[in-house]
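The lines below spell out each chain.
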Amino acid sequence: MNNEHIKLSATDARLWFGKKQVLKNVNVAFPENKITALIGPSGCGKSTLLRCFNRMHDLSADARITGNFLLEDQDLYRGNLSATAVRRRIGMVFQQANPFPKSIYENINYGLKINDISKEERPGIIENALKESYIWDEVKDDLQKPATRLSGGQQQRLCIARAVALRPEVILMDEPCSALDPISTSKIEELILKLKQDYTIVIVTHNMQQAQRIADQTVFMYLGEIIEAGSTRQIFNDPQAELTGNYVQGHFG
Amino acid sequence: MNNEHIKLSATDARLWFGKKQVLKNVNVAFPENKITALIGPSGCGKSTLLRCFNRMHDLSADARITGNFLLEDQDLYRGNLSATAVRRRIGMVFQQANPFPKSIYENINYGLKINDISKEERPGIIENALKESYIWDEVKDDLQKPATRLSGGQQQRLCIARAVALRPEVILMDEPCSALDPISTSKIEELILKLKQDYTIVIVTHNMQQAQRIADQTVFMYLGEIIEAGSTRQIFNDPQAELTGNYVQGHFG
Amino acid sequence: MIKKLTPVIEWGTLLLSTGLVCFFLVAILWDLISKGAPSLSWAFISTSPTDGMTRGGILPAIIGTLLLTIITALVAAPFGICCAIYLNEYAADSWLTRIIRASIRNLAGVPSIIYGLFGLALFVQGLQMGTSLVAAGLTLGLLSLPYIIITTEEALRRVPNRMREAALAVGATQFESIRDVVLPSAVPGMLTGLVLTLSRAAGETAPILFTGVAFYINKPAGYLNQEFMTLPYHLYMLSTQHQAIEQVRPLAYGTALVLIILVFLLNLSAFYIRYQYSKHE
Amino acid sequence: DKSIKVKGSDTEVNLAVSLAENFYKVHSDFSVAISGGGSGLGIASLLNGQTDIANSSRPLNSEEIELLKAKGIAIRTVIFAEDATAFIVHRDFPLDSIDVPSLTRILNGQYKTWKPVTGQDMAVNIYGRQSNSGTHSFISKKLNIQFSRDAKEMNGSAQIVEGIKRDKSGIGYVGAGYILHGGVNQPVKVLKITSKKGIKSVSPLDTKAIAAHLYYFQRPLYQFIPITSWNKVDAFIDFEKSAAGQKIITESGYYIIPR
Amino acid sequence: MKLAIREKTDQAAKLLFRMTGLMVIAILAGIFLMLLWNTGAFFLKVKPFDFITGTQWNPSGNPANYGMLPLLVSTSLVTFGAMCIAIPLGIGTAAYLSDYAGKKLKSFLKPAIEMLASVPSVAIGFLGIVVLGPGIARMAGQSNGLNALNGAILLAVMSLPTIITVTQDALEGVPNAYKEASYSVGANRWQTLIQVTIPAAAPGILAAVMLGVGRAIGETMTVLMATGNASAFPTGFFHSVRTMTATIAIEMGEVPYQTTHYYALFAIAAVLFLMTLLVNIVGEHYVNKYRKYQAS
Ligand SMILES: Nc1ncnc2c1ncn2[C@@H]1O[C@H](COP(=O)(O)OP(=O)(O)OP(=O)(O)O)[C@@H](O)[C@H]1O
Ligand SMILES: Nc1ncnc2c1ncn2[C@@H]1O[C@H](COP(=O)(O)OP(=O)(O)OP(=O)(O)O)[C@@H](O)[C@H]1O
Ligand SMILES: [Mg+2]
Ligand SMILES: [Mg+2]
Ligand SMILES: O=P([O-])([O-])[O-]
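Protein chains in written order, with the numbering used here: chain A, 26 to 278; chain B, 26 to 278; chain C, 11 to 291; chain D, 9 to 267; chain E, 526 to 821.
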């Protein structure tokens, strides 16, 4: 973590579900126009941390969050940003593709409509988002097709297009490839690499190879804490903590 | 497959669920007092094959089975053995631990009661089965505790104890460790290795390391057929079929 | 503009509808309780009506309702449960069973008055039972059957298959696995369904109109082959047929309240069973 | 078997309840179950073999007699009281009496408003009984009309009284047992009936006039009893005829005319 | 016990369950056959067309008229009115319960609404006579409140619990993923509810509505007590109406068995049966569709 411009960060973040503490004193920073991979064994809190950044936990009544979450220098929770505004600037792609049960076109159009983008601009934006997400060629002939009829990989790319269309500043991705076959996975990796020119990307992954292929920086979490963070090369080849070493070599998890 | 005594075997076994053929011309033999591992990609028919041997498919109306299934030289389906008698001699441990929602004691006692084992003998048998299954120490203080309150690994060992208590001749195990942590897994592996002195064991597993650690013989299935069977060493180090090689080296599945 | 109004519309719509629904409930209960409570007394529930039903209690109606409910349970529970066990544990999942299941669900939606007609044609007339407690009980039993089958099957379905397999794997026969493992796990769900069904049956009037209920009977308790009084019908009578409608209004309110209390008690016991069950889960 | 089923006329049902209640005091071994629903219900039950006593406020019609014969049901008929069917209106109704021709036109729907009768331009609301009612058929026979199709068909006579109490433009008909006798606080107004122009109007509450058969809408109340039930109901019929029984009948608002 | 005996028991039990199961099913099939049989007997005497389209129901008239159109229209009118009230209220309440209400409030409201479902229909009808009817009469300046509106409101109250519970299940069954997707593109709760959750739950909501309609069509005692039962052709909500169910309830007692009038009532019941069947099948279809969709 050199002197890059920090786009998104959390300091001293803690989170409880009811009485159970799931995040413990997390400090993490995501540099602009870089891809950060978040790795760690199942249940360590990766998804939970990710969802803190676009205030998805606002929905669950029993989640309690403390600490500072900053986008540039705006506080995500206490400033004058509403949850809706935060989510507008920080897009998210979920572990399981979750297109709306509507047409492909409507899937992207919905966000634009909600965000008051004028009728005239929308078709262009939609086409562009689909192109950016490498799915345009596969769907351009029938944008009215229900999105649920697309294959898993196509659905996931559609969800990325949906996020991209709103031109957020950050895109959070929660294991976007876990349900996909190798071919779809490599298409999405390609896409992520391209997107990093314009966006700051945080990606949760279980796949060590994937982290090494695409991430600039890697963060290793364990039991709700960040054990180690650093350049991907360093984390995988020269981990400081024994735990990190064990994990990246596949000895547990 | 040398000249060991064959305990359990299937010849020319086929099985359909409705119109869908799930087992195609399966020939397989399990030698006495040996551990046989059944491996293969998800959905290839491992569980289905296993369940043929203790007539678990009798319950599902749309399953149709042909072929010969022999225990020693008795036909499991056509002879004078009833399904109940077959199951008495061929015990089973399921992928998900399924203790009865009763006390620990009752869980084992039930099978004994049903099978006419006298009241006096039962406490001894139960204690012994729990000891054999390496769970006695953890539960001996409160045998009246509901079995559902045990941890996953303890439940699985209790299910093994339940099977063992009836002194079957064969024990079928369907991925008994898939839901368990490494410590529970190693305990159960230890147990299986010990049990082979008295029983013939067939175990389905997804875990290549596990198969190598415990199995004497390994059978590789693919799309409802047996591709290759042989000593574990041979299957993993010198597979005859290309498919087997690819699978055990983790290239698919 | 529209955007500004959204929260108003949002909360307006939702709170208004929820509020109205609650208002209905509160209004119903408040009216029944406030006007019914003064009529309640030990004498009211322990004596027969007197003076041309302008005074006295409602004992025969209470006994009639209870007897009727018991007969309904005795008829519907064993048959309904056996049928559900057959459908869920034995019957193959063929197109035939699917049709049977669909028909049973549809029968649960058939208007209760049609069961009354059927009861009249079959029990009163066909089987020569006359208008009587048995005929009415059997009619209500028929009405309850589909509900009991549905709820029991639901409870059986919730018992995971691996429980059945566990029993079979230690050498139990299928019947033993049902008796020793499936039913004990399903009992709370079955009981809840049974009690709720009975509370519904206890409040029914239409099916018994022609099958045995009477305006008045001069003895508190009847026999199986005799006519009987029930709380719902008594309430119907007091509010539409009695010659001194105004004068007996307090009695009508009292009857309504007793009926509601009875039904709610049944419901509460169902909630209690469900609660106990969820605690053990 | 000492259980008696009594079914039918709404006009008689409350009376029957009182009789049964008092009958029980002397014959506690009998159980008497009483249902109302209308004379038609009683007669139908008779035909269907579902009653021991069919109360009816009208005689059997020829069709029913045929049916009884066809089914081989022999019956005995008991006339145990006399009813004077009352026409009731709201307490504020401007007139105290009404003549039969006007009544006819109101009930058959010819007059849609009260104008021709009272001069008030208010819609006529008829509170009638359903078609199986003996009273319903008695009136329609007596006046030789079909009731207006807008007539409400109430489930029982009591509901008619209830309706009229609130409805200033309503008119309804009920048996004498449904109106208070000798009371000043009648909740509704009981109309006197003028059978012909020029003749003095008669009230259904006028015992003397009724004894002299002077009220236009007076009628006997019947009980039809299948021969097969006669032995069983004998005691009950005797009770009706006893002094105690007769007292209950008159106290209930009905009349006894020696025949 | 010996194995042989245990297996005999097993066989016997299987036989017993099968026999009772099939018997119950046969009896239930009998209801349908009986309706069919008696309806058939009726249509031998009265033409089905006259029955359905006749505008006069007067079985005791001379000649008797068996036109059920006024009854059909009455039933439809009351049901329609009930649904106009119950559907918006039901969906609104269900939405509030599923997406807005806190846990505590919900755990209180849910059983309360189930309580409402269990209030017997005579009790509701009774309140229709003594409270709501007079109230309507006063407010509308009518002389009498026993009319279609009274019935519609009461039926709305009675079908609300069904509509609310099934709709709420449907709304809660909408995968969280959809809601999250909506939030993640910046929608607020109301937009998500209106534009994502409700459309996604539409089949379930339709099923709820259908079940509510079925309940309203089939309800007997409430309408019998509260709608005035005039058999004339209804002309509006302030008119007394006589529904199909009420007609059966009123006239069944008075008919001698095996007469035309008797069969006529079975014919009404058959029409009623078909109507509820249709409504239930549509409802059922959407419930199933909805389940499938939930699974995917
Ligand atoms: N809504 C919730 N209520 C209570 N506990 C929760 C909730 N969501 C998650 N948890 C718990 O929080 C911990 C962290 O969960 P999280 O989903 O963040 O893990 P993860 O690192 O993403 O794991 P995975 O790789 O399996 O997705 C887990 O122990 C989980 O059980
Ligand atoms: N009851 C059933 N009805 C229809 N098809 C079934 C049934 N049970 C299993 N199958 C199908 O049979 C095939 C083999 O299933 P089986 O459970 O034997 O696979 P498996 O090798 O055990 O897989 P896994 O490793 O995932 O447990 C699968 O395609 C499955 O979908
Ligand atoms: Mg996760
Ligand atoms: Mg398997
Ligand atoms: O009830 P009725 O006397 O009019 O038949």
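Because the hints were derived from the structure by calculation, they are not lab data.
Positions of the beta carbon are idealized from the N, C-alpha and C atoms, including for glycine.
It cannot be assumed that every hint is accurate.
Taking lysine-lysine pairs in the DSS-like style, the calculated list, with each CA pair at most 25 angstroms apart, reads [stated by the list, open to error]:
#, chain 1, residue 1, chain 2, residue 2
1, A, Lys45, E, Lys570
2, C, Lys229, D, Lys173
3, D, Lys33, C, Lys45
4, B, Lys144, E, Lys539
5, B, Lys138, E, Lys539
6, D, Lys249, C, Lys229
7, D, Lys173, C, Lys45
8, A, Lys44, E, Lys539
If you want the footprint, here are the derived chain B segments under chain C, 3+ residues with CB under 8 angstroms [as the list claims (entries may be wrong)]:
#, region
9, 81-93
10, 223-235
11, 238-248
Do the hints match the structure? See the list:
no.: 1; hint: Lys45/A with Lys570/E; result: 75 angstroms, violated
no.: 2; hint: Lys229/C with Lys173/D; result: 34 angstroms, violated
no.: 3; hint: Lys33/D with Lys45/C; result: 32 angstroms, violated
no.: 4; hint: Lys144/B with Lys539/E; result: 29 angstroms, violated
no.: 5; hint: Lys138/B with Lys539/E; result: 22 angstroms, holds
no.: 6; hint: Lys249/D with Lys229/C; result: 22 angstroms, holds
no.: 7; hint: Lys173/D with Lys45/C; result: 21 angstroms, holds
no.: 8; hint: Lys44/A with Lys539/E; result: 50 angstroms, violated
no.: 9; hint: 81-93; result: holds (count 4)
no.: 10; hint: 223-235; result: violated (count 0)
no.: 11; hint: 238-248; result: violated (count 0)
Comparing the model with each earlier hint shows violations of hints 1, 2, 3, 4, 8, 10 and 11; every other hint is respected.
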